[in-house]
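*Asks:* The chain contents come next:
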Amino acid sequence: MDGPIRKLLVYVDGSEGSFDAVRLAVVLARTFGAGLRALAVVDTRALGELVQARIFLEAEREEYRRDLEGDVGRYLRRAVELGRRKGVEVETKSAQGSVSAEIKACVLECGIDLLVVGEMAQVRSRRDELYDEVDRAMRTVPCSVFVAKNGDRIEEIYDQLD
Amino acid sequence: MALVERIEERIVKVPLESATRDGVIDELVGVLAAAGLIADREAARAAVMEREAKGSTGLAEGIAVPHGKTPAVKDLAIAIGVSREGVDFGAMDGLPSRLFFLIMAPPDKAGPHIEALAEIARMARSKAFCRALVGAGDAREVVELLRGD
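Chains as they are written, first to last, in my numbering: chain F, 942 to 1103; chain U, 330 to 478.
Check the hints yourself; a few may be wrong.
Stated by the list, open to error - A few chain U residues that face chain F, going by a derived Cβ cut-off under 8 Å, partial list only:
no.: 1; residue: 383
no.: 2; residue: 388
no.: 3; residue: 421
no.: 4; residue: 439
no.: 5; residue: 447
no.: 6; residue: 453
Hints were generated in silico from the structure; no laboratory data involved. The C-beta atom is built at its ideal place from N, Cα and C for all residues, glycine as well.
With the sequences and hints as input, model every part of the structure.
*Replies:* Here you go:
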């Protein structure tokens, strides 16, 4: 744990891009001898927006919050398994709130040196660019950010790791 | 992101032919079935109707967002429809609905479902943009507007 990068954080949202990020983070953690933490967030801010917009009923907010908690647990278990296969311990953290704020808070609380995130979608509207929470996190975290691209290549690198 | 990357002409219908709430839902479910995105059309329709029975998804300003969770879809499925005449969807402002976003997701994909609905909620705040979508001449124009906004 005395290399140039000591603490890695990978953000997992269930997309394949985010699991590419986990694979890459596992490779980086092994290479640098760094600690690896995976974060998943129940986006309660979005749920609030939907109730406010009256797209969701109040009862639906609770129902979907429980669904999202289940999703987050699954995502983190998969991240732990991807680490375990390569002998890397993945600590997990789940949070509730705004995705960008929770990523930033985790970076600060845990003294993260490098944040790893999945590739952004290539088809995006200007509104998406304005509201994308991972994009916002990348711009506001006080550490360096690594964007995992080319899932096939990342899988090869991950598979080659003994 | 969840919304725009899934928008393509085959899941957009302009104009809708139905003049009733149930008819619009059935028509949009049919759009998804024709696109091969629904395994069980009747189960999908039932999920949306069940949610609608709990309270209308007709918002203000002519927008309606019928949605539901169902194992009848494997992934998030979205269909968009525009009605020229407007349909009584029980909207909160009592006005007819003209722009419809049908969203269905499997029970274990709550994240993309929420993300897509949140994008529509943000979009609905722009009256000018919604007016442009309602005024679109065909499916291609709807796709271009959504991708370019």
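*Asks:* Taking 8 Å as the limit, does the beta-carbon of residue 447 (chain U) come near enough to a beta-carbon in chain F?
*Replies:* Check passed: Cβ of residue 447 (chain U) comes within 4 Å of chain F, closer than 8 Å.
*Asks:* Please verify that hint: residue 383 (chain U), Cβ, nearest Cβ of chain F, below 8 Å or not.
*Replies:* Holds. Min distance 6 Å.
*Asks:* Measuring from the C-beta of residue 421 (chain U) to each C-beta in chain F, is the shortest one below 8 Å?
*Replies:* Where the cut-off is 8 Å and the nearest Cβ of chain F is about 6 Å from residue 421 (chain U), the hint holds.
*Asks:* Going by Cβ atoms only, is residue 388 (chain U) closer than 8 Å to chain F?
*Replies:* holds, 6 Å
*Asks:* How about residue 453 (chain U): closest beta carbon in chain F under 8 Å, or not?
*Replies:* holds, 6 Å
*Asks:* Checking hints one by one. Is residue 439 (chain U) an interface residue toward chain F, by the C-beta closer than 8 Å rule?
*Replies:* Because about 4 Å separates residue 439 (chain U) from the closest Cβ in chain F, which is inside the 8 Å limit, the hint holds.
In terms of the numbered hints stated before, the structure departs from none.
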